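Chain residues, written in single-letter form:
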Amino acid sequence: MKIQKPSRLAVNSVTRRSALKGLGAAAGASAVLSAAPGFVRYSQAQSSEPIKIGFQVHRTGIGASYGRWYERVTNAAAKLINDEGGINGRMVEIVPEDDGTDPKRGAEVVEKFATRHNCDVAFGTLFSHVVIGSAPAAGEQKLPYFVVSEGYHVASGGLNRYVFQPGITDVRQQISSMAPWVSQNLGKKVTMVYPDFAFGHDHRDFFSKAIAAQGGEVLELIPIPPTESSFTRYFPRIPSATEVLYHVMVGPGVLTFVKEMGEHFGSNRPEIFGFIDSLEAVDINSPGLEFLEGSHFWEAYPRYKQANSSAHDALYRKAVGIDDSGASTADPKDVSTASHMFGCWETLFTIKDAMEASGYQSTADRGKLIEAMEAITTIAESREHPQGEKLFNGKIHQSFGKQHISKVAGGRLDVVHTTSLEDGFYEPEADYTTQAL
Amino acid sequence: MDLGPFLFLATLEGLVTASVLALTALGLSLVFGVMRVVNVAHGEFYMLGAVIAWFTAATVPGPAAVSFLAAIIVAPIAVGALAAATDWLILKRINYNPEATIVATIGLLYMIQQATLTFYGPDARPVEAPIVFRIQFPWFGYSGYKIVVIGFAILVLALTWAVLTRSKLGLLMRATQYDRETAQAFGIPVDIVYAGVFAAGAMLAAIGAVLIVPIRQAHYLMGGEALLLSFIVVIIGGLGSLRGTIVAALFIGLSDGIISVFFTPILAKILATLLVACVLILRPQGLFGRAPG
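Quick note, the sequences are listed as chains F and G, same order. Residue numbering for the first sequence follows the numbering used here, beginning at 25 and increasing consecutively. Residue numbering for the second sequence follows the numbering used here, beginning at 166 and increasing consecutively.
Derived by calculation from the structure, the hints in this document are not laboratory data. The structure displayed is predicted, hence computed values, not measured ones. The beta carbon of each residue, even a glycine, is placed where N, CA and C say it ideally should be. Check before you lean on any hint, since a few could be wrong.
[What the hints assert, rightly or not] Not everything, but these chain F residues come out facing chain G in the computed CB check (under 10 Å):
(1) GLY85
(2) ASP220
(3) PHE259
(4) ASN292
(5) SER349
(6) VAL359
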């Protein structure tokens with residue numbers, strides 16, 4: 025049996041080394057405490073505390089590639105806002121929480137923002153199933169929740185008055201605005217390959233309608249489970265009469281998808297139209313992707329700097345740390361999610377505008393903030409909105425913007441067509457403003 | 166596409182799945198057979214194999230074939246070394262207690278997975294196939310490399326089989342499996358055999374992963390499905406039965422390929438899980454396993 029030494033002995037035997045160690049640890053701990061924003065004591069009035077923006081980020085799980093870039097862009101935008109004096113004279117503090125790209129965890133994170141961190145608003149979610157899982161929690165907590173998700177779930181009226189999507193367009197307008205170009209330039213007989221969850225179903229429903237309106241038709245629908253890692257077995261279902269293969273995929277399996285598609289078709293392929301979601305964070309020059317040469321992609325924000333790019337684009341690229349090819353300036357192999365992450369940048373500046381317009385001071389003003397958001401109508405192209413001008417519909421909490429169609433040529437993507445705002449308009453199906461706050 | 170070619174494609178796809186699955190599941194089965202350890206971190210060894218293959222292929226210059234060759238040597242050795250260290254540092258310390266090893270390997274699973282996320286990142290990264298050619302059948306094209314995968318996997322399986330049944334090494338393993346204490350009394354270094362078996366199990370998974378990585382990329386979450394399918398195969402085939410593992414891998418791989426092509430991949434998974442339930446109820450020792458006692 026081991027004999028326990030009396031602790032007194034330990035106290036008596038303090039050496040110079042252990043004393044120094046202890047002092048060092050205490051100094052380190054106090055440095056951490058003073059650096060950690062949560063522990064700062066404010067001697068002034070409450071209003072000099074930072075505005076806390078809860079950032080629901082996909083740090084792990086299948087959305088992690090997106091999450092990493094969402095975080096970089098968010099931090100860059102917050103830095104710019106703070107460098108220029110913050111919001112209503114208060115600094116912005118981003119409070120990141122990982123949701124594991126999981127809807128259940130997402131709802132917990134939103135609750136945590138409201139109850140534990142006492143955040144003013146929540147922001148930043150991409151994956152549609154996480155948004156749909158988290159939105160009820162935001163409604164219950166009466167926490168304004170700004171998503172950067174693309175899905176039609178906000179505009180559909182299916183969520184609640186606390187959920188907004190001001191920084192990125194929704195799938196329905198994207199598809200409506202591009203279907204005419206696809207049918208006129210690529211073909212009218214389309215086979216669709218899409219992920220088998222909410223985001224993919226938006227594509228299925230709206231593209232089928234949009235192409236029918238153009239006199240085309242969808243020959244076959246091929247839904248793919250989100251965790252799939254092999255795709256060859258789906259390709260036999262593509263009818264030989266297919267003129268256009270429409271693909272949109274998310275998740276880590278996309279590279280395999282394109283490679284196996286190349287092996288299946290060889291040189292004898294239909295026209296291919298894809299959503300860049302399929303290849304966000306993936307180098308277009310990766311081995312196996314040669315097959316995509318000459319195919320077309322939707323892009324919200326051109327990954328490669330275009331000849332007619334604005335000065336705002338240059339500033340934005342510099343601030344978030346991407347080069348003219350859309351890759352990290354620190355590591356050219358680290359490719360960005362350019363067509364989505366700009367939404368974080370734009371959304372943060374929209375939150376700033378709405379907070380300033382409503383004179384937002386504390387969480388008691390959340391109602392005023394929501395009304396100020398709903399009052400927004402036009403968003404001009406600017407440094408704060410480098411993707412381009414937008415119209416915001418306060419009834420459905422959704423903004424409308426331009427879309428680009430880019431062609432893969434010579435190992436880069438170049439814009440061949442840009443839609444107008446009007447191309448994406450549709451009749452709103454909901455009115456969140458009628459819901460009580 | 167007509168039924169014939171359709172079935173042919175499904176069979177090819179099924180064989181690719183089956184061959185890699187056989188390697189991975191064999192590793193799991195071997196570890197359980199000899200050590201009675203249920204290694205929940207087995208899928209992470211598989212994932213590490215793929216990730217290390219990526220690192221090796223990215224570091225070694227030269228044509229794709231050379232860097233791939235380096236990867237298929239380096240990755241299994243590195244993973245095997247890690248597994249041997251795990252055995253010595255963790256499993257041996259808890260005396261291979263069945264409950265404790267499950268908990269310990271669950272912990273290991275998370276440690277490996279999160280460490281990979283930290284140091285390798287969340288992206289799926291490709292490794293170039295060592296040989297690229299496309300076989301054009303009259304009805305569809307197919308990746309030539311996939312055929313090579315099937316061939317190579319059969320080679321490794323045959324080699325493993327030979328080592329286990331024909332070599333002195335295999336004899337030591339079987340003796341240890343049969344009766345640990347008597348083996349020790351006869352001078353067999355049981356500790357070393359255990360570390361070796363645990364390493365070999367992980368290496369088989371790593372080889373499977375290196376083979377698959379030019380097809381499916383290395384991703385930090387890829388171990389989950391490998392673990393699940395390996396368990397399904399091992400339960401159906403019988404824990405510890407090598408013949409059962411290979412037969413079950415072939416069955417699960419082919420049925421997954423064929424059912425996925427003709428119906429949906431979800432149905433293939435449902436049926437495999439249902440089969441596991443039936444086996445557990447009707448023949449708990451597995452199709453080829455020996456009943457205890």
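Hint by hint, here is what the structure shows:
1. GLY85: holds (7 Å)
2. ASP220: For F/ASP220, the interface hint holds, since the closest Cβ of chain G sits about 9 Å away, which is under 10 Å.
3. PHE259: Given a least distance of 7 Å, the restraint on F/PHE259 holds.
4. ASN292: With a closest approach of 9 Å, the F/ASN292 hint holds.
5. SER349: violated (16 Å)
6. VAL359: holds (9 Å)
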